[in-house]
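Listed here are the chains, written in short residue letters.
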Amino acid sequence: MGAWLSLLSFSYKVGPWWDCEMSFGSLSPLRYMRVAVIGAGVIGLSSALCIHDRYHSKVTPLSIDVYADRFTPLTTSDGAAGLWQPYLYDNGNTQETKWNKETFDYLLSLINSPDSIKMGIFTQSGYNLFTEPMPEPSWKDIVLGFRHLTPQEMKMFPDYRCGWFNTALMIEGKSYLPWLMDRLNERGVKFHQKKIVSFRELADRRVDVILNCTGVRAGELQPDPLLKPGRGQILKVDAPWLKHFIITHNPKTGVYSTPYIIPGSRSVTVGGIFQVGNWSEDNNSEDHRKVWEEGCCLVPSLKNARIMDDWTGLRPVRSSVRLDNETLQFGDKQCEVIHNYGHGGYGLTIHWGCALEAANLFGKILEKKRLTTHSRL
Amino acid sequence: MVILIFRSRNKIGSLKLASLRLKLLSTQSKVLSLLISMRCPAAAEGIYGGRLCRVAVVGAGVIGLSTAVCIAESIPSCAVTVLAEHFTPDTTSDVAAGILLPHPFPETPLHKQRCWFKDTFDHLLSICNSTDAAEAGVFLLSGWQVFQETPSTKDPYWSTVVLGFHMMTDAELQRFPKYKFGQSFTTIKCECSKYLLWLEKRLKNAGGQLHTEKITGFEQLTSSYDIIVNCSGLGSRDLADDQSLYPVRGQILRVHAPWLKHFIRDGNGHTYIFPGIHSVTLGGTRQKHNWEMSVDEADSSGIFERCCELEPSLKKSQVCSKLVGLRPTRNSLRLEREFFVHGNRQVPIIHNYGHGGGGISIHWGTALEATQLVKESINWRNPTSKL
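Chains as they are written, first to last, in the working numbering: chain A, 2 to 378; chain B, 4 to 390.
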């Protein structure tokens with residue numbers, strides 16, 4: 002027992018991600034480990050990067066392969082507007098608020114770095130509008146300069162009664178995902194355009210750890226009744242005079258079902274569709290009309306803007322993010338699976354906190370393997 | 004028929020209006036003036052012996068055009084003509100970033116400055132929230148004004164005019180490590196390259212005209228115009244023989260940085276970043292009594308370096324253009340009437356110049372006041388004109 006405890010002695014520091022390491026005392030690195038990441042959206046790519054950077058010196062060689070049917074710019078993360086903003090309330094799920102905060106702080110720490118624009122990170126301020134007074138959000142102390150709107154400001158939005166103003170961050174998938182892929186490429190991570198149809202397929206290839214970052218289609222690999230598509234349709238509009246995000250809320254109809262306008266670095270996203278259970282990835286003309294009309298009502302100057310494009314995406318909606326691991330047995334082969342999916346409409350917002358947690362779970366798997374390996378000697 | 008012609012705003016109507024006005028001016032029909040007094044009692048106030056009051060506005064920058072529009076739209080009995088050597092995009096206003104942030108006039112009472120600023124802010128705010136915003140080049144912009152030393156006035160007079168004014172939090176200030184204090188608020192940007200064109204259109208719709216002509220003396224205008232409105236900016240040094248007016252040279256860079264959504268201004272006024280519709284204005288310089296219109300490369304590098312210190316992501320931006328403008332500066336804004344005597348004519352001149360670096364910030368307020376002076380001048384001329 003004493004020997005076991007001394008083998009397991011390690012120190013765990015919490016700080017900036019590059020400092021976060023689990024040092025395994027004087028043990029030699031583990032033998033070769035093969036990791037497969039399924040999914041190349043923001044969750045898959047950031048988890049891969051986090052795990053590589055934390056463990057590549059602890060596990061040599063650490064081989065990471067990313068498998069996906071869609072890569073940037075065709076993923077859900079690419080179509081998202083990229084505003085950092087969680088849903089209004091965590092309803093007690095403080096772990097998600099922690100992950101959201103970790104992501105915000107991480108992105109903010111990079112805002113003045115040379116890579117910020119390549120990564121698609123920049124600040125943007127804006128408005129959250131309500132028809133009735135609402136309690137303050139769980140993220141009010143995470144964003145910068147959070148405050149209530151003054152009566153003078155509310156006059157600009159005659160259909161709304163009250164609201165908030167704050168400075169948040171943008172993280173644009175169309176820039177961030179290519180940046181992540183470049184970083185992973187530099188680290189020798191391989192990419193495969195391939196749809197994985199079962200975990201067994203990877204277990205057969207002697208993969209030790211699978212990172213399941215399959216988003217809305219996670220149910221195809223393992224049924225999950227809690228996971229549903231939250232269909233969104235947006236318009237990309239040329240309106241470069243708009244410099245604020247505006248998100249309206251209606252607690253009766255649900256999140257993102259009322260108009261929102263989010264300017265980006267290249268175009269303005271106008272949206273307001275959130276259809277749970279709808280798997281259609283086609284643009285719908287009725288949804289287009291609703292988004293456009295309600296957007297123009299909210300911001301009259303939009304009427305003279307040129308519509309560049311429509312896009313439909315399926316948010317991977319779940320009551321809470323699934324971030325856990327399980328051991329799967331396929332005959333004589335054993336496979337560890339870390340699930341990291343179900344981020345709804347806040348994937349970009351929460352991605353880094355989840356990547357850190359996925360890396361923690363990976364560390365626990367390593368710990369277990371060392372124990373298993375050692376006990377065989 | 005008369006009402007249709009005089010009130011018409013469409014293309015065909017305006018053409019008919021223009022030709023009929025010419026006939027009016029040359030024939031001075033008393034019958035027509037009687038008709039006008041019966042149909043348009045308000046117009047009767049300004050009739051000069053049966054014809055419209057001819058107003059010349061000298062200058063086509065933001066001051067000249069906004070004053071001309073204000074007069075043409077609110078005094079139907081005036082025929083407004085803007086005369087200028089330069090029109091957009093060649094005016095001083097075109098170089099300005101156009102952020103609504105007042106420029107201090109040491110000798111103008113504070114309540115006046117606040118009034119002009121508020122009138123302008125409110126006027127532009129209603130354009131911001133209308134379908135005209137994009138064409139007019141007017142939009143909301145939030146950001147921060149940061150100070151290396153805490154200023155003596157933490158709550159300036161305009162803090163209740165702009166939106167959401169408050170002191171920056173410690174977390175907000177962390178992004179500006181050299182700065183101790185900051186103000187966060189939402190104001191308006193008014194891009195003159197679009198705004199002036201939009202004002203020209205509005206002027207024409209109201210029956211006004213624009214002529215390219217350099218006015219070197221008011222005597223050029225006294226025979227053809229009844230009232231002169233002088234909005235010639237720095238030109239008034241010669242035109243109005245006003246030696247108290249002097250240039251403050253401003254150089255700016257325009258860069259392509261579409262990810263920037265906030266303004267950042269150093270409270271000392273020497274460094275500022277103002278995102279616009281298609282480019283970001285980086286500034287600046289404040290060189291008093293400097294008339295140099297060509298770009299100074301040392302100034303350009305200085306501006307770029309200082310702005311990159313405030314906002315490091317600018318290092319990745321591309322410079323699109325470099326421009327110079329001379330702010331028409333004076334200790335107090337000249338907004339008053341004087342009488343110009345030429346031969347046997349005594350013509351009222353309403354001066355509206357000396358806005359320094361605050362022209363766009365107060366333009367509508369001063370246009371309204373100048374228009375009021377024009378109205379009083381008409382009444383002064385014909386105190387018993389009611390028929």
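Do not take every clue at face value.
So the derived label-pair ranges between C-beta atoms look like this [as the list claims (entries may be wrong)]:
hint	chain 1	residue 1	chain 2	residue 2	range
1	A	E294	B	H281	45 to 55 Å
2	A	V198	B	K319	51 to 61 Å
3	B	P92	A	D310	29 to 39 Å
4	A	L111	B	N271	51 to 61 Å
5	B	K319	A	T151	30 to 40 Å
6	B	N208	A	G93	32 to 42 Å
7	A	L111	B	T134	30 to 40 Å
It is worth saying that the hints were derived from the structure and are not from the lab. Idealized CB from N, CA, C, for every residue including glycine.
Results for each hint:
Range check, E294/A to H281/B: Cβ separation about 27 Å, and the 45 to 55 Å hint is violated. A beta carbon spacing of about 42 Å between V198/A and K319/B contradicts the range 51 to 61 Å that was offered as a hint. Range check, P92/B to D310/A: Cβ separation about 32 Å, and the 29 to 39 Å hint holds. Taking 51 to 61 Å as the suggested C-beta distance range, the pair L111/A and N271/B does not conform, at roughly 29 Å.
Checked against the hint of 30 to 40 Å, the C-beta distance between K319/B and T151/A comes to roughly 35 Å, which is consistent with it. Restraint check, N208/B to G93/A: a C-beta distance of roughly 60 Å breaks the suggested window 32 to 42 Å. Taken as a hint, the range 30 to 40 Å holds for the pair L111/A and T134/B, whose Cβ atoms sit roughly 38 Å apart.
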